[in-house]
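**Student:** Chain by chain, the residues run as shown.
2 protein chains.
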Amino acid sequence: MSPPSRDILSYGSVGAHATSDISAVIIPDPLTCAGVLARRSKAGPLSGGVAAATSSDLFKPKAAWKPKAKKWDHRLSEESKSRTASTLKEAARYLATPGMISLGGGLPSSDYFPFEYIDVKVPTVGKFSEAETAESGKVVRIGKHDVQTGKAAFDLAISLNYGQGTGSAQLLRWLTEHTEIVHDPPYRDWQCVASVGSTSSLDMLYRMFLKRGDYVISEDYTFATAVETASPLGCRMVGVKMDAEGLLPESLDELLMNWDEEARGARRPFLLYTVPSGQNPTGSTQGKKRREDIYKVSQKHDLIIIEDEPYYFLQMQPYMGRDAPAAPLPKTHAEFLSSLVPSLLRMDVDGRVVRLDSFSKVLAPGCRMGWITASEQICERMSRHNEVSVQNPSGFSQVIIHKLLDEEWGHSGYLDWLINLRMEYTQRRDVLLHACEEYLPSEIASWAPPAAGMFHWIKIAVEKHPEFLTRSVKSIEDELFLTAVSEKVLVSPGSWFLADKGVEHKELFFRATFAAAESAAMTEATKRFGVALRKVFKLD
Amino acid sequence: MSPPSRDILSYGSVGAHATSDISAVIIPDPLTCAGVLARRSKAGPLSGGVAAATSSDLFKPKAAWKPKAKKWDHRLSEESKSRTASTLKEAARYLATPGMISLGGGLPSSDYFPFEYIDVKVPTVGKFSEAETAESGKVVRIGKHDVQTGKAAFDLAISLNYGQGTGSAQLLRWLTEHTEIVHDPPYRDWQCVASVGSTSSLDMLYRMFLKRGDYVISEDYTFATAVETASPLGCRMVGVKMDAEGLLPESLDELLMNWDEEARGARRPFLLYTVPSGQNPTGSTQGKKRREDIYKVSQKHDLIIIEDEPYYFLQMQPYMGRDAPAAPLPKTHAEFLSSLVPSLLRMDVDGRVVRLDSFSKVLAPGCRMGWITASEQICERMSRHNEVSVQNPSGFSQVIIHKLLDEEWGHSGYLDWLINLRMEYTQRRDVLLHACEEYLPSEIASWAPPAAGMFHWIKIAVEKHPEFLTRSVKSIEDELFLTAVSEKVLVSPGSWFLADKGVEHKELFFRATFAAAESAAMTEATKRFGVALRKVFKLD
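Protein chains in written order, with UniProt numbering: chain C, 1 to 540; chain G, 1 to 540.
There could be a bad hint or two in this list.
No copy is singled out in the list; a pair is fine if it fits within one copy or between any two copies.
Said to hold, decoys possible - For lysine to aspartate or glutamate, the following EDC-like pairs were computed, each having C-alpha atoms within a straight-line distance of at most 16 Å:
1. Lys70 to Glu376
2. Lys288 to Glu130
3. Lys535 to Glu467
4. Lys289 to Glu130
5. Lys81 to Glu376
6. Lys289 to Glu479
7. Lys127 to Asp111
8. Lys138 to Glu116
9. Lys464 to Glu507
10. Lys501 to Glu443
11. Lys211 to Glu487
12. Lys211 to Glu79
13. Lys81 to Glu228
14. Lys127 to Glu467
15. Lys300 to Asp29
16. Lys138 to Asp119
17. Lys538 to Glu132
18. Lys89 to Glu228
19. Lys538 to Glu380
20. Lys89 to Glu79
21. Lys211 to Glu78
22. Lys331 to Glu463
Calculated from the structure, these hints are not laboratory results.
Remember, it's a predicted structure, so these values are computed and weren't measured experimentally.
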């Protein structure tokens with residue numbers, strides 16, 4: 001897109017480079033970690049008091065040269081369309097009048113929050129391990145009245161009171177900046193909204209778009225919870241064929257071209273749920289070209305894409321084989337970011353992607369905090385729903401994560417943390433792959449080395465089972481699962497992840513994770529699984 | 001109810017007293033704070049590892065002499081009925097096998113949770129104010145591996161990992177014990193399930209019971225969010241008349257007796273949403289007799305009662321008037337507990353009450369944590385829904401609140417905290433009432449002193465407005481609201497809280513809160529409201 005001339009950039013020219021035509025728009029350089037400080041100082045003090053109204057728009061450029069998102073009224077459910085703003089939260093605007101005393105709201109006084117301060121011991125940047133933290137970690141303090149006393153931008157008196165459906169201004173600012181640094185969405189009116197985790201967001205998005213009887217499109221094998229969340233809403237998944245790079249765009253196109261509303265008893269689906277990086281359960285990662293093709297098919301059929309990306313930052317180093325030296329780690333943040341496959345959000349000129357980000361796999365699941373990035377319209381609907389359900393993430397989570405990621409590490413330190421995680425997960429994956437190479441019978445077990453995530457997807461040549469002709473794949477899967485259990489190793493049968501359990505599956509897979517167990521235990525477990533495989537397939 | 005003989009109490013006889021018939025059941029004394037330790041030691045070590053399955057049943061007596069709850073299949077929505085257990089969470093049972101190594105789940109390793117410990121400075125029991133905490137508060141530490149090292153029952157490695165839809169075993173044990181100490185429900189199979197706050201629980205309960213077009217019964221004036229949560233689901237509230245003690249049972253009965261499905265275009269409602277103590281917005285508190293009568297009418301019409309009780313422990317001292325000495329505070333925990341109006345849960349022989357408890361008004365709203373108490377069937381449905389939406393409260397919230405309420409204060413110290421809050425809120429209420437007596441024109445403003453909660457409900461004799469005959473009540477309300485705003489005081493107009501905004505209201509109320517502002521500001525605000533009233537009603 002070439003920028004329209006004469007447009008005015010109201011956000012200013014922090015880090016901008018002028019074009020040769022002085023009447024043209026000045027397009028600023030993409031935001032980097034280093035540019036955040038200048039932008040913040042230009043934006044002025046954060047308005048982040050108790051239950052302060054906020055929006056991503058306060059923390060990003062107006063970017064008048066970018067197109068606006070499409071409107072999704074034709075896709076919204078009756079439930080979502082009818083949401084209105086909360087009466088009481090609306091009235092909060094009168095509080096801005098100087099001298100106003102409120103007897104209006106029901107916000108309790110922080111006098112009665114029984115916490116004077118919270119100290120958290122966290123790693124310093126670059127020394128991230130438990131051992132290093134014990135030695136050189138830093139204790140950061142969150143006081144009750146740090147904002148009032150000018151010590152910090154966020155405190156317990158604010159974070160532990162009621163908030164807004166967007167999440168706090170402090171958290172939202174960080175989320176918006178991070179999203180711009182990593183994805184820089186190519187349309188103008190994108191926003192972020194904090195969530196209590198991506199499972200909750202998914203539940204809310206289904207309710208935003210679906211009605212009973214609808215289908216959701218997903219990969220053939222998919223995150224079991226995505227299916228189990230849809231099912232009580234009267235909705236089923238329809239799977240799209242996959243290869244080692246995940247969802248096949250031509251199969252997606254074919255499915256939609258040939259959709260027979262009569263035969264299916266359902267309207268043509270328009271909601272695509274996909275996990276592009278380190279997909280659960282298959283561990284597959286869509287390459288750039290694959291994502292572009294999926295996006296094109298989505299445009300052709302006017303789909304909304306739920307891009308669920310818990311493992312985006314668990315993209316690992318290329319797998320080099322058992323005896324090869326490890327690939328060198330990215331040396332700079334720019335190198336790190338460009339090593340990541342671009343997100344669907346980054347190519348989303350229409351505002352049709354709803355991206356789900358989560359801290360569960362990169363900080364801790366117990367944060368119960370994540371965020372969505374989507375068009376203003378979708379974010380507004382989401383935040384209305386938040387107001388009358390989960391409200392916002394725990395104040396403890398918000399203030400602790402803010403203290404760590406914003407005030408302590410900063411964007412730059414967080415990227416260092418993510419590079420460290422990349423290295424850790426690479427090592428874990430390699431341990432598991434080496435064990436598989438050593439202990440699994442290669443005549444029946446095969447796999448592609450996962451490029452991202454936590455999961456290793458092992459294909460078992462079920463047709464080599466001695467009773468293959470007389471038994472179902474499911475019964476052989478059951479036998480293998482239970483034999484593995486009796487050998488004291490737990491692996492997850494592929495059938496647990498079928499998008500549509502009604503469709504008979506003819507292939508046999510098992511999912512193993514390298515996220516949890518220690519190296520020695522992982523190797524031992526793989527050995528046991530090898531024993532189980534040989535027993536069931538009578539290989540010795 | 002007399003206990004059946006020959007029944008066996010499997011929970012044991014901690015604190016039990018024998019009846020004269022030795023073959024009869026031994027009914028234990030009700031649980032008290034002092035009895036908790038003995039019960040826990042009898043129950044043995046807590047099974048509270050990462051994502052440990054748990055249930056209230058592990059923490060309460062089997063109580064075979066109590067009746068079982070009714071079944072509610074006929075009330076469950078299609079959505080709720082069709083929920084099934086999560087495939088992956090089911091598989092977790094194999095983890096109990098000694099020596100099992102799991103490559104099955106997707107739980108990340110706590111090695112990568114960037115928190116070594118959290119220190120929290122909290123008040124010591126009896127010295128609860130901010131000033132006292134600064135002086136004599138205690139710093140309590142939550143380590144990452146405190147369970148492994150035997151230092152504590154809960155730690156960061158567990159609380160910050162994934163959990164179960166019930167909440168953690170550590171939190172659930174405390175919630176169950178607290179509920180038994182305070183309410184001792186009279187049926188056998190009650191349970192608790194942790195929530196991310198009562199607003200979220202309400203949203204989930206509506207979805208558990210309602211279908212589009214349904215009505216929910218509530219007080220005539222009700223919590224605006226309860227209406228706004230129902231409305232996008234296609235459900236409306238129908239209000240029941242109130243007096244100074246809240247909802248009138250005979251009006252409830254009348255409403256249901258005369259329900260005309262044809263005229264209403266909706267089936268007879270069966271879900272009653274009520275705030276029995278310190279109702280929002282009216283501040284009214286149902287007395288014991290009132291609650292019994294409401295329960296009886298609910299039995300007659302087979303209602304399910306959502307008992308929303310954020311203000312239960314903000315029941316205050318009796319109001320003694322401006323110059324009378326304060327009533328003496330409860331001297332013992334027993335005296336304190338018996339000073340509280342018994343809950344609907346306490347009289348719930350059928351298991352038809354779903355009680356919502358919250359930490360928002362008694363610790364801090366930002367905990368985003370509460371719990372429901374209901375029959376096993378309802379709790380199981382709720383926890384299934386949690387699994388595919390909010391999952392469980394933030395691990396930070398769970399572990400910090402556990403550290404404070406269980407390991408530091410204990411049940412007994414928490415009751416002391418609540419007694420302290422009672423005193424604080426009594427003082428705040430009295431300041432506001434005194435200011436109202438002094439500054440509001442008694443010829444048009446009247447009220448009943450609230451016995452609980454945060455709200456003061458002021459009736460304005462709208463018929464004394466000079467233009468009453470030619471103007472609507474709503475236009476006079478608007479004028480008064482805006483005049484108050486221009487006098488720089490914010491109070492909430494009664495019409496914001498109408499259960500059914502379609503019904504024209506003929507009375508005029510304003511809601512003021514005494515929870516938030518300091519004494520001097522509250523008095524000044526009341527003075528300003530008095531000025532506004534006099535201006536609008538042309539009294540001077």
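**Student:** Does each hint fit the structure? Answer for all of them.
**Tutor:** Checked hints:
1. Taking the shortest alpha-carbon separations for Lys70 and Glu376, only the intra-copy value of 10 Å comes in at or below 16 Å, while the best inter-copy value is 46 Å.
2. Taking the shortest Cα distances, Lys288 and Glu130 never come within 16 Å of each other, neither inside one copy (35 Å) nor across copies (55 Å).
3. Taking CA atoms no more than 16 Å apart as the test, Lys535 paired with Glu467 passes inside one copy only; the shortest distance there is 13 Å, against 92 Å between copies.
4. In this homomeric assembly, Lys289 and Glu130 never come within 16 Å of each other (Cα to Cα): the closest approach is 39 Å inside a single copy and 59 Å across copies.
5. Taking the shortest Cα distances, Lys81 and Glu376 sit within 16 Å of each other inside one copy (14 Å), while across copies they are farther apart (35 Å).
6. For a Cα distance limit of 16 Å, the shortest separation of Lys289 from Glu479 qualifies neither inside one copy, at 39 Å, nor across copies, at 62 Å.
7. In this assembly of identical chains, Lys127 and Asp111 lie within 16 Å of each other by CA distance solely across copies; the values are 13 Å between and 38 Å within a copy.
8. Taking the closest pair of Cα atoms, Lys138 and Glu116 come within 16 Å of each other only across two copies (10 Å); inside a single copy the shortest separation is 19 Å, beyond that limit.
9. In this assembly of identical chains, Lys464 and Glu507 lie within 16 Å of each other by CA distance solely inside one copy; the values are 12 Å within and 81 Å between copies.
10. Taking the shortest alpha-carbon separations for Lys501 and Glu443, neither the intra-copy value of 28 Å nor the inter-copy value of 71 Å comes in at or below 16 Å.
11. Taking the shortest Cα distances, Lys211 and Glu487 never come within 16 Å of each other, neither inside one copy (45 Å) nor across copies (48 Å).
12. Taking the shortest alpha-carbon separations for Lys211 and Glu79, both the intra-copy value of 9 Å and the inter-copy value of 12 Å come in at or below 16 Å.
13. In this homomeric assembly, Lys81 and Glu228 come within 16 Å of each other (Cα to Cα) only across copies, at 13 Å, whereas the closest approach inside a single copy is 24 Å.
14. With identical chains, the CA atoms of Lys127 and Glu467 are never at most 16 Å apart, being 54 Å at best within one copy and 74 Å at best between copies.
15. In this assembly of identical chains, the alpha carbons of Lys300 and Asp29 never lie at most 16 Å apart, being 31 Å within a copy and 70 Å across copies at closest.
16. For a Cα distance limit of 16 Å, the shortest separation of Lys138 from Asp119 qualifies both inside one copy, at 10 Å, and across copies, at 13 Å.
17. In this assembly of identical chains, Lys538 and Glu132 lie within 16 Å of each other by CA distance neither inside one copy nor across copies; the values are 48 Å within and 73 Å between.
18. In this homomeric assembly, Lys89 and Glu228 come within 16 Å of each other (Cα to Cα) only across copies, at 12 Å, whereas the closest approach inside a single copy is 34 Å.
19. Neither within a single protomer nor between protomers do Lys538 and Glu380 lie at most 16 Å apart by alpha-carbon distance, with minima of 59 Å and 43 Å respectively.
20. In this assembly of identical chains, the alpha carbons of Lys89 and Glu79 never lie at most 16 Å apart, being 20 Å within a copy and 30 Å across copies at closest.
21. In the homo-oligomer, the alpha carbons of Lys211 and Glu78 lie at most 16 Å apart both inside one protomer (8 Å) and across protomers (13 Å), since each shortest distance falls under that limit.
22. Taking the shortest alpha-carbon separations for Lys331 and Glu463, neither the intra-copy value of 46 Å nor the inter-copy value of 77 Å comes in at or below 16 Å.
The structure fails to meet hints 2, 4, 6, 10, 11, 14, 15, 17, 19, 20 and 22 from the earlier list, while all remaining hints are met.
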